[in-house]
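For this one, chain A is given, so just place chain B on it according to the hints.
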Amino acid sequence: MTGAEEQQPSGRPAEAAPVPGPRASTPAGEPESGPATAPKRTRIVLAEVSRTGDPADRTRSELTQQTPVGETLVQGLMRAQLSLALRLSLLVLIGLGGLPWLFAIAPAVGRVTVLGVNLPWLLLGVVSFPFLIVVGWAYVRLAERNEQDFVDLIRRPER
Amino acid sequence: MSNGYVVPAIVAVTLVTVGIGFYGLRLARTTSDFLVASRAVSPTWNAAAIGGEYLSAASFLGVAGLILKYGVDVLWYPVGFAAGYLALLLFVAAPLRRSGAFTLPDFCEVRLGSRRLRTLATVFVIFIGWLYLVPQLQGAGLTLATLTGSPYPLGALLVAVVVTANVALGGMRAITFVQAFQYWLKLTALAVPAIFLALQWQADARPAVTPPDGPTFRTATTVVVEHRATLTLPDGDIREVRPGDRLEFAAGDPVPEVSGAATGATEWLLPDTAGEDDRGLFATYSLILATFLGTMGLPHVLVRFYTNPDGAAARRTTLVVLALVGVFYLLPTVYGVLGRIYTPQLLVSGQTDAVVVLLPGAALGDGTTGRLLAALVAAGAFAAFLSTSSGLLTSVAGVISTDVLGRGSVRGFRIATVIAGAVPAVLALNVSGLDVSQVVGLAFAVAASSFCPLLVLGIWWRGLTDLGAAAGVLVGGGAAVGAVLLTVLGPPLSGWPATLTTQPAAWTVPLAFTVMVVVSMASRRRLPRDVGATMLRLHTPESLRL
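Protein chains in written order, with the UniProt record's numbering: chain A, 1 to 159; chain B, 1 to 546.
Only chain A is shown next, with the shape it has when bound in the complex (with noise of 0.2 angstroms):
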């Protein structure tokens, strides 16, 4: 996912490429004589130009600038990626730190053995790893998404 962001332009010439304008009125009829005597026509367009009006630059400039809105956007975000943390730790603090406690209300469970194994060995010596692997797993893809979702609502703000 790293690498993708990497690749992917930020921001302008993206939304610049699609838009069908200016390309279409392009001659189509051009004459095929010959890609090394006629070099292609190259259209040129001024960075100033195309970055006025930009709704992209303006939430980029709240940001920077620490407008209320710049400020909410930021809080947003926090607040997902704070929110989901918590949740996943909440899972982790019923899922393992209920253990201790589950084994000391109810001795029985301790007794219990899977192949030949105590309960408590088991899940505490081999489950708990995996499990906390898998949380960590799930973090990082929810996250991405999160972080995702917020480069795209600064990119294209209408949405």
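No lab work stands behind these hints, which were simulated from the structure alone.
Be a bit skeptical, because a hint or two may be false.
Unchecked claim - Example chain A residues on the side facing chain B (calculated, C-beta under 10 angstroms, incomplete):
#, residue
1, S128
2, F129
3, I154
Stated by the list, open to error - A short list of chain A residues far from chain B (calculated; beta carbon distances all over 12 angstroms):
#, residue
4, P39
5, K40
6, R41
7, R43
8, V114
C-beta atoms are modelled at their ideal positions from N, C-alpha and C, and glycine is treated no differently.
Only chain B this time, still in chain A's reference frame:
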């Protein structure tokens, strides 16, 4: 026991480590070389390097020793050591990388802009680093004494001198490749003998781990007691033993009950239950809190996150570290459990931390296979001492030279390294009675009650002020430090005071968070003016290029 392969294996690991360090140093001369080169490293390599630095003597020797001694309740150590990386991933990894801070004192300055807080953080980094270095040296002394019969101080001093000289002369400067190599070496050194041990256990017709009549000696054994203890012999006699006492046991004799260890089958096999005594449960939750939240505050862990190119990569690296560390922690349990069968004499002698290095020889006999595997384990153990203590020493010497001595020169760094290495060496000579993992547990408790609230609140709460942060670190961290000093240096305690000081995290961590929040709210006027800009930097993805 004399094993001709052990010393060459230890020497080889040391030479390879020092050698790669110096070779790597020739490739990367400047700070920027080091950082930029590291950034070309994939998350997998970087993660193996973090794992290599993290898996210390406590993980390699201590966890198995604790399992042998106390049974199921201490399985929370490996679970917590791994889960610490999940907490790091969920709350700290990406924002910390985006903050651009290299060390914890750096983070204090970036987030709260206070020089005084920076100094306070420096003091805690040094304390935690030293506390964590002691058990590494202790483990080295123990391993060398067990395998070659040398006196305990020799091994501890040897590793202290090798590591200090190596760091001071510039080798082993957190070169990713060395640390990654150490991870795979440690994993191999535990995994390969574990397979042989499991096969041997099968071949011995699967002797029961907890026989109904309690553990017995498989062979005639002479035990030399290392720690004062009270033994309850099978015929009901109670006997006090002191270091140096020799006890003879014939093959088939039951292992006497040892005070302090869980010798009985049910006590060892089954978790603590609720009842008249809730100290066990409190200690378990305290341990969980310390290990889950302490990892993020360890000085040598955070430094490595700077080598990630961006926040997203920091997250991925942490996830891979979690997986690598998780795989490793499946193994110590095997040693602890099989130790009940093959090396019960360690329960009597008190040297339970030696179970990992003694088990291959004890279970597989004195043949070539047994000797080679014992040498492999010894090599892995030395890899653990060298890599973790080098990482720690580099971090501690770094903050001493920049924040205490106040000069960034190479000479200053060398002086700082010698200071940073000498103190734990002296301490290590005086704490041989403590379990390796317990001392490490105390370091985690201090980190969890000082840096964890600082990092978590600093990253997620705008309202944190420098005054609040300092008060929280001083009160919470100070309480944990007090508990540690009382445990290590103070008189022996019993009952609740003992539990509250040996496992302090359950009360010091909430205390630190509360003080930090309350004092910050009372000192609202001191909110840093650039908090909005800092939060923007910590939380927005780099791909926006703001």
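Here is what the structure says about each hint:
1. The criterion of a C-beta within 10 angstroms of any C-beta in chain B is met by S128 (chain A), whose closest approach is roughly 5 angstroms, and the hint holds.
2. Annotation: interface hint on F129 (chain A) holds; nearest CB of chain B at approximately 4 angstroms, less than 10 angstroms.
3. Hint status for I154 (chain A): holds, given a least beta-carbon distance of 6 angstroms to chain B, under 10 angstroms.
4. Distance check on P39 (chain A): its Cβ is at least 33 angstroms (rounded) from any Cβ of chain B, clearing the 12 angstroms threshold; non-interface status holds.
5. No Cβ of chain B comes within 12 angstroms of the Cβ of K40 (chain A); the nearest lies about 31 angstroms off, and the non-interface call holds.
6. Every beta carbon of chain B lies more than 12 angstroms from that of R41 (chain A), the smallest distance being close to 31 angstroms; the non-interface claim holds.
7. Its beta-carbon lying about 25 angstroms from the closest one in chain B, R43 (chain A) satisfies the requirement of being farther than 12 angstroms from that chain.
8. Every beta carbon of chain B lies more than 12 angstroms from that of V114 (chain A), the smallest distance being close to 14 angstroms; the non-interface claim holds.
In the structure shown, no violation is registered for any of the earlier numbered hints.
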